[in-house]
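Protein chains: 2
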Amino acid sequence: MIQSADQICNLTWADGMVAALKRSTLTFDVSTPLGARHAARLGGHRGPTAGFAPGYVQGNLAILPKDLADEFLRFCQLNPKPCPIIGMSEVGSPFIPALGADLDIRTDVPGYRVWKDGEVVDEPADVTAWWRDDLVTFAIGCSFSFEEALIEDGLSIRHIDLDCNVPMYRTNVPCAPAGRFAGPMVVSMRPFKPADAIRAIQITSRFPAVHGAPVHIGHPGQLGISDLAKPDYGDPVPVGSDEIPVFWACGVTPQSVIRAAKPSFAITHAPGKMIVTDMKNSKLAAF
Amino acid sequence: MIQSADQICNLTWADGMVAALKRSTLTFDVSTPLGARHAARLGGHRGPTAGFAPGYVQGNLAILPKDLADEFLRFCQLNPKPCPIIGMSEVGSPFIPALGADLDIRTDVPGYRVWKDGEVVDEPADVTAWWRDDLVTFAIGCSFSFEEALIEDGLSIRHIDLDCNVPMYRTNVPCAPAGRFAGPMVVSMRPFKPADAIRAIQITSRFPAVHGAPVHIGHPGQLGISDLAKPDYGDPVPVGSDEIPVFWACGVTPQSVIRAAKPSFAITHAPGKMIVTDMKNSKLAAF
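In the order they appear, the protein sequences are chains A and B. Under my numbering, the first residue of the first sequence is numbered 1, with each subsequent residue one higher. Under my numbering, the first residue of the second sequence is numbered 1, with each subsequent residue one higher.
Worth flagging that the hints you see were computed from the coordinates, not collected in a lab. Careful, some of the hints might be misleading.
Label pairs and their in silico Cβ distance ranges [as the list claims (entries may be wrong)]:
{"id": "1", "chain 1": "A", "residue 1": "Pro208", "chain 2": "B", "residue 2": "Val121", "range": "49 to 57 Å"}
{"id": "2", "chain 1": "B", "residue 1": "Lys116", "chain 2": "A", "residue 2": "Phe287", "range": "45 to 53 Å"}
{"id": "3", "chain 1": "B", "residue 1": "Asp242", "chain 2": "A", "residue 2": "Ala98", "range": "38 to 46 Å"}
{"id": "4", "chain 1": "A", "residue 1": "Ala195", "chain 2": "B", "residue 2": "Trp131", "range": "40 to 48 Å"}
{"id": "5", "chain 1": "B", "residue 1": "Glu152", "chain 2": "A", "residue 2": "Ala98", "range": "32 to 40 Å"}
{"id": "6", "chain 1": "A", "residue 1": "Cys164", "chain 2": "B", "residue 2": "Glu152", "range": "40 to 48 Å"}
{"id": "7", "chain 1": "A", "residue 1": "Leu78", "chain 2": "B", "residue 2": "Pro174", "range": "44 to 52 Å"}
{"id": "8", "chain 1": "A", "residue 1": "Ser282", "chain 2": "B", "residue 2": "Glu152", "range": "24 to 32 Å"}
{"id": "9", "chain 1": "B", "residue 1": "Ile160", "chain 2": "A", "residue 2": "Gly55", "range": "38 to 46 Å"}
{"id": "10", "chain 1": "B", "residue 1": "Glu119", "chain 2": "A", "residue 2": "Ser282", "range": "48 to 56 Å"}
{"id": "11", "chain 1": "B", "residue 1": "Thr128", "chain 2": "A", "residue 2": "Pro208", "range": "50 to 58 Å"}
{"id": "12", "chain 1": "B", "residue 1": "Asp242", "chain 2": "A", "residue 2": "Leu162", "range": "28 to 36 Å"}
Computed from the model, here is a short list of chain B residues facing chain A with C-beta under 8 Å [as the list claims (entries may be wrong)]:
{"id": "13", "residue": "Pro194"}
{"id": "14", "residue": "Ala195"}
{"id": "15", "residue": "Ile198"}
{"id": "16", "residue": "Ile201"}
{"id": "17", "residue": "Ala213"}
{"id": "18", "residue": "His216"}
{"id": "19", "residue": "Ile217"}
{"id": "20", "residue": "Gly218"}
{"id": "21", "residue": "His219"}
{"id": "22", "residue": "Gln222"}
{"id": "23", "residue": "Ile244"}
A few chain B positions that, by computed beta-carbon distances, are all more than 12 Å from chain A [said to hold, decoys possible]:
{"id": "24", "residue": "Gly55"}
{"id": "25", "residue": "Glu119"}
{"id": "26", "residue": "Glu123"}
{"id": "27", "residue": "Arg132"}
{"id": "28", "residue": "Gly154"}
{"id": "29", "residue": "Ala178"}
{"id": "30", "residue": "Leu284"}
Heads up, the beta-carbon is just placed ideally off N, CA and C, and yes, glycines get one too.
Between the sequences and the hints, there should be enough to build the whole structure, so can you do that?
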């Protein structure tokens, strides 16, 4: 991990170029996927990626050693709604060419969390120093893609209108377990008027690779949610008496399950700081 | 209209054959569309067509004089959810080849209603005697098609399980008016558990030609429905506290609107006695 100019001496020419660019005053066009990745890799951007590269898929990140990765892949296969895999690396490779020719998973996310035995041990801006040749990277679909489709259709999304995080809840619905990975499904909630709820179901049904259709509508108690005003993650949003709360499987589920499994080693993205890919949201539409 | 053997004297050879067949003991395979139509045309079947020709589209019928037909077509075009046109005849023709090569709209429905100035003046089994060369026939999609798709997916439909009619309600939602045709949308209601309600929305969205996606979920009061237990048409069905009432635009809407317009002349099918077509339900799927 390049932390200061003092560490450059042992680096290659290319690494030196990267370090030099980091010290430069270059700006990056974060409206493009490559620009967004370069902003993290070279431009020192350390914030969230919401709003970057409109129209392109952003992914949650889970990086695990090979033996755990096999079990995690099985977990995702069994639980595609909370854990839709949009890309996966070869063992030890920090690249996922299908998501971007120039995409380096070690450097292109604005912030990471490094986990040991279920605890966060580092929150670096680059995980080159933590990289191992047994690591497998999973990119997991994220609700940004379907929210973009909802907004393009003219729907209002409450937490976006209020400029806060989407409310998320741990449910009483167990995921299908796989090896060391098990736990409840986490859901996100967006309230809509009835006609918009129907439209939101239609639109998100087209995007199975980014959580797809809602898993529940209307009766939060059936999910074990006793108070919508008290989300387990994110921020509460008001739900009108003329509205229907609509619940989608949430990408926090795999992070929650990885944390509970207390793997000896894992890397995830820091919340809100996603990997921006070259894949168009529209390409994920099932029809 | 052939009512007895006494009237046969002036008929052609073909009409004579029809009358002879009517008096025969022939049986008809109502599991096929042609068999279902022949049962009405030749076999004296006068009952409902529910369950006939599984897999094939059945249609509501509206037959109007040309000048009214133009306005009614415009009304349907403006209100496709309650009034999805699946077939339309040439002026004066009792045939709609697109719905069946051997389909005669005058004889192939088990029961008709003949209207004058908004009142039912006859409920014949065949409208040959009422036919006019200025009549235009509309076949309008019916919920049988989407109910079949729901059942095939494993969903339970309450009114079918209870062997009663679907509950229908006049709403406070006005249709877009066209000429003399105007009035509120009528909806049908089917209760489902939340996950099944989501699935029902997905499935019926695929069938825009047979009412398509629901128009409302969850808040009947917003449609002006004060008591689900008191439908305006059909029978009440129980709605569980863990369920969501799901409302679809209903094919009773065009009949209700035609009745209110008090046309000088009109013919419709009698309730539950539909025109059975050669069109497969699956052909109506939008994707």
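- [ ] Any hints from earlier that this structure breaks? Give me their numbers in increasing order, please.
- [x] none
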